[in-house]
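Protein chains in written order, with this note's numbering: chain A, 24 to 104; chain B, 24 to 104; chain C, 1321 to 1467; chain D, 1321 to 1467.
Please note: incorrect hints may appear among the correct ones.
Said to hold, decoys possible - In silico SDA-like cross-links for lysine to any residue, where the CA-CA straight-line distance does not exceed 25 Å: (1) 1422(C) - 1388(D); (2) 1422(D) - 1374(C); (3) 1422(D) - 1386(C); (4) 40(B) - 63(B).
Because the hints were derived from the structure by calculation, they are not lab data.
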Amino acid sequence: MDVLYFAWVRERIGLPKERIDSDAATVADLVDELRAREDRYAAAFADLTALRVAVDQQLSDFDAPLSGVREVAFFPPMTGG
Amino acid sequence: MDVLYFAWVRERIGLPKERIDSDAATVADLVDELRAREDRYAAAFADLTALRVAVDQQLSDFDAPLSGVREVAFFPPMTGG
Amino acid sequence: MRVAVQEAPFDLGAEVAGFADGCGGMGAVVSFTGIVRDRPGSGLQAMEIEHYPGMTEAALTRIAQEAQARWSLGDVLVIHRFGRLAPGETIMMVATAARHRKDAFEAAEYLMDYLKSRAPFWKKEIARDGAEWVAARDEDEAALDRW
Amino acid sequence: MRVAVQEAPFDLGAEVAGFADGCGGMGAVVSFTGIVRDRPGSGLQAMEIEHYPGMTEAALTRIAQEAQARWSLGDVLVIHRFGRLAPGETIMMVATAARHRKDAFEAAEYLMDYLKSRAPFWKKEIARDGAEWVAARDEDEAALDRW
Chain A
24 MDVLYFAWVR
34 ERIGLPKERI
44 DSDAATVADL
54 VDELRAREDR
64 YAAAFADLTA
74 LRVAVDQQLS
84 DFDAPLSGVR
94 EVAFFPPMTG
104 G
Chain B
24 MDVLYFAWVR
34 ERIGLPKERI
44 DSDAATVADL
54 VDELRAREDR
64 YAAAFADLTA
74 LRVAVDQQLS
84 DFDAPLSGVR
94 EVAFFPPMTG
104 G
Chain C
1321 MRVAVQEAPF
1331 DLGAEVAGFA
1341 DGCGGMGAVV
1351 SFTGIVRDRP
1361 GSGLQAMEIE
1371 HYPGMTEAAL
1381 TRIAQEAQAR
1391 WSLGDVLVIH
1401 RFGRLAPGET
1411 IMMVATAARH
1421 RKDAFEAAEY
1431 LMDYLKSRAP
1441 FWKKEIARDG
1451 AEWVAARDED
1461 EAALDRW
Chain D
1321 MRVAVQEAPF
1331 DLGAEVAGFA
1341 DGCGGMGAVV
1351 SFTGIVRDRP
1361 GSGLQAMEIE
1371 HYPGMTEAAL
1381 TRIAQEAQAR
1391 WSLGDVLVIH
1401 RFGRLAPGET
1411 IMMVATAARH
1421 RKDAFEAAEY
1431 LMDYLKSRAP
1441 FWKKEIARDG
1451 AEWVAARDED
1461 EAALDRW
């Protein structure tokens, strides 16, 4: 699946998008996999309360299932307007 | 003093403005004087709850005193905007 | 702060853009525009707006000053026309600028609520089958209670 | 209904005037405009706005549709820019048209409240002494509770 990062999550991880093959059952499982990869991921995902997630471009929760999902995006709370 | 009429009050009385020399102590006294003049005045002032009054261009009440007043205006509730 | 009472049309786009430009980037600009309704089949041919010269300007100025006292505003604009207007024509506008959108929105609603019931304007609808003064609505008077 | 997400500037005056013209005289038109703040001495050089292409348009469309479902509206317009903006530049606007001013005001505030916290935009302030992501404010999240 495609994993996207925006705003300071993108900056901390150092890339806007990557293809990840994962058997993670939920978003939270995927986060655990990413955290284990490298320090920059651990830093980006240190505090989940500061993060939001979209699953297939819909705002979602960290316990959302990933079965059949094509795109997951992580970002801070939105600040439009 | 000058007495002004607006909207349907003006139409009912048939003029926008007139000079009236009156010893009326209050707006209500002035209204009584006007009502006694002619039917068109009696018709215009038949229902005071449907009227508003401004004394020297300030929204006011029917019991407001008229001493020293230069201008009184009668009109229906306002409908701007 | 600018308050204008005029018979001439005004350019809504130019007024809103000029107001926003002149606010030094306050962050939030709200505008309200009142337009003569233009519904097919309504038979409305024109709207005649009468006002009380002298008192009108003073009343609008006082309302705008009160808004500036209650909210933290960068600027306030009020334009209200009088005379004979065709359906679709712009009757009036208010605009407010503030650092925060809540102030800009609330101040614009306050201006409209007071302008509607406390500024000396009267509207008459001219239709094919006759003319009628617009009646004040109870809900417009009630709207003042929230402030 | 029109929703636009674009890097290019837009002409605020032309958009507001065109929106009002296109509403067939609905009576009441409200607009909100967000502008990059331009305070002397703030040191702000630019605002960078990032967004999530694809999701942004869908989110704004959903918010606009929800507003149309909740209020009796003639039309809704939402324009939001992304990219690098200078102080004083227009970031975004919404406009609503309705027969009654209460509907137009409430719908515009609703659009702004949801757009602010539910549409995928992120602002970064570029100042002389560094750059910083704008933090979401608790009161913006709390503003959703009233709807």
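Quick rundown of the hints versus the structure:
At most 25 Å may separate the alpha-carbon atoms for a hinted pair to count; residue 1422(C) and residue 1388(D) meet this at roughly 21 Å. Between the alpha carbons of residue 1422(D) and residue 1374(C) the distance comes to roughly 29 Å, so the proposed pair goes past 25 Å and is violated. Proposed proximity of residue 1422(D) and residue 1386(C) is supported: the alpha carbons are some 21 Å apart, at most 25 Å. For the suggested pair residue 40(B) and residue 63(B), the alpha carbons sit about 14 Å apart, so the restraint of at most 25 Å is met.
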